[in-house]
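Student: Sequence:
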Amino acid sequence: MTSLLEIAANAVMTVSIILAGRNNVHSWWLGIIGCGLFAVLFYDTRLYADVTLQLFFIVTCVIGWWRWLRGGTGAPLPITRARPQALIWMGALGLAATAIYGLLLQAYTNAYAPFIDSGVLMFSVIAQLLLMGRRLQTWQFWLLVNTIAVPLYASRGLYLTSVLYGVYWINALASWFFWRRKMQQAAPQLPA
46 MTSLLEIAAN AVMTVSIILA GRNNVHSWWL GIIGCGLFAV LFYDTRLYAD
96 VTLQLFFIVT CVIGWWRWLR GGTGAPLPIT RARPQALIWM GALGLAATAI
146 YGLLLQAYTN AYAPFIDSGV LMFSVIAQLL LMGRRLQTWQ FWLLVNTIAV
196 PLYASRGLYL TSVLYGVYWI NALASWFFWR RKMQQAAPQL PA
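The numbers in our numbering rise by one with no breaks, and the one at position 14 of the sequence shown is 59.
These aren't lab readings, by the way, just hints derived from the structure by calculation.
There may be inaccurate statements among the hints.
[Said to hold, decoys possible] Derived CB-CB ranges, DEER-like:
1. I52 / Q229: 33 to 43 Å
2. Q229 / S48: 36 to 46 Å
3. Q230 / S200: 34 to 44 Å
4. G211 / V107: 21 to 31 Å
5. F222 / R115: 21 to 31 Å
6. V60 / V104: 14 to 24 Å
7. Q229 / G136: 17 to 27 Å
8. A199 / R226: 30 to 40 Å
9. V208 / V85: 15 to 25 Å
10. R226 / Y153: 40 to 50 Å
11. G116 / G136: 39 to 49 Å
12. Q130 / T59: 32 to 42 Å
For every residue, glycine included, the Cβ atom is placed at its ideal position computed from N, Cα and C.
Model the full assembly from the supplied sequences, consistent with the hints where possible.
Tutor: Rendered as structure tokens:
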């Protein structure tokens, strides 16, 4: 049965995620609230890697909020692409960290689906770091995370959360195109 906590967490995070996709700085403070609610929800359902993830998100929401407003030069941070080499390293580290954290959860907790849950954690961390830096590829990582998260949350009876992560998948795809267009519009136009 869907709890009031699950409804509240999803409502707040849906607004936050939509605002992030629209390149709106207000996504960050809403994210802090939503992540706090999700941390409690995931603790109650023994998805401990997701609790860790929500605590990480709270910290990165504060940092991301500041970076988007001030950037490195005091001006708003522009949308850019991550270097391909950096993406390869991020993917490899994400896989290794997933295996290590999954083994730890399996050995020392009663976690449900420790490796899948760890994959959601590790690749969400990568996606969030890319989002904080306004890197276009954040949305490709969110597509991966949401693809994994939908069946995981459904398997724990978090049906509303599962459905909304399906909606977040669609939002990530739309946001990828939206950010790409914004990035192209911001690029200096060279004379013909």
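Student: Determine for every hint whether it applies to the structure shown.
Tutor: Outcome of the hint check:
For I52 and Q229, the hinted distance range of 33 to 43 Å is satisfied, since their beta carbons lie about 38 Å from each other. Taking the beta carbon of each, Q229 and S48 are about 43 Å apart, inside 36 to 46 Å as hinted. A hinted range of 34 to 44 Å holds for the C-beta pair Q230 and S200, which are about 41 Å apart. At roughly 28 Å, the beta-carbon separation of G211 and V107 lies within the given 21 to 31 Å, and the hint holds.
The hint said 21 to 31 Å for the Cβ distance between F222 and R115, and at roughly 27 Å that hint holds. Between V60 and V104 the beta carbons are some 20 Å apart, a value that agrees with the proposed interval 14 to 24 Å. Judged by the Cβ atoms, the range 17 to 27 Å given for Q229 and G136 holds: they are separated by roughly 25 Å. A C-beta distance of roughly 33 Å is found between A199 and R226, which places it inside the suggested range of 30 to 40 Å.
V208 and V85 have their C-beta atoms about 20 Å apart, which keeps the hinted 15 to 25 Å range intact. R226 and Y153 have their C-beta atoms about 46 Å apart, which keeps the hinted 40 to 50 Å range intact. Separation of G116 from G136 is about 26 Å and departs from the stated range, judged on CB atoms against 39 to 49 Å. For the pair Q130 and T59, the beta carbons lie near 34 Å from each other, so the given range of 32 to 42 Å is met.
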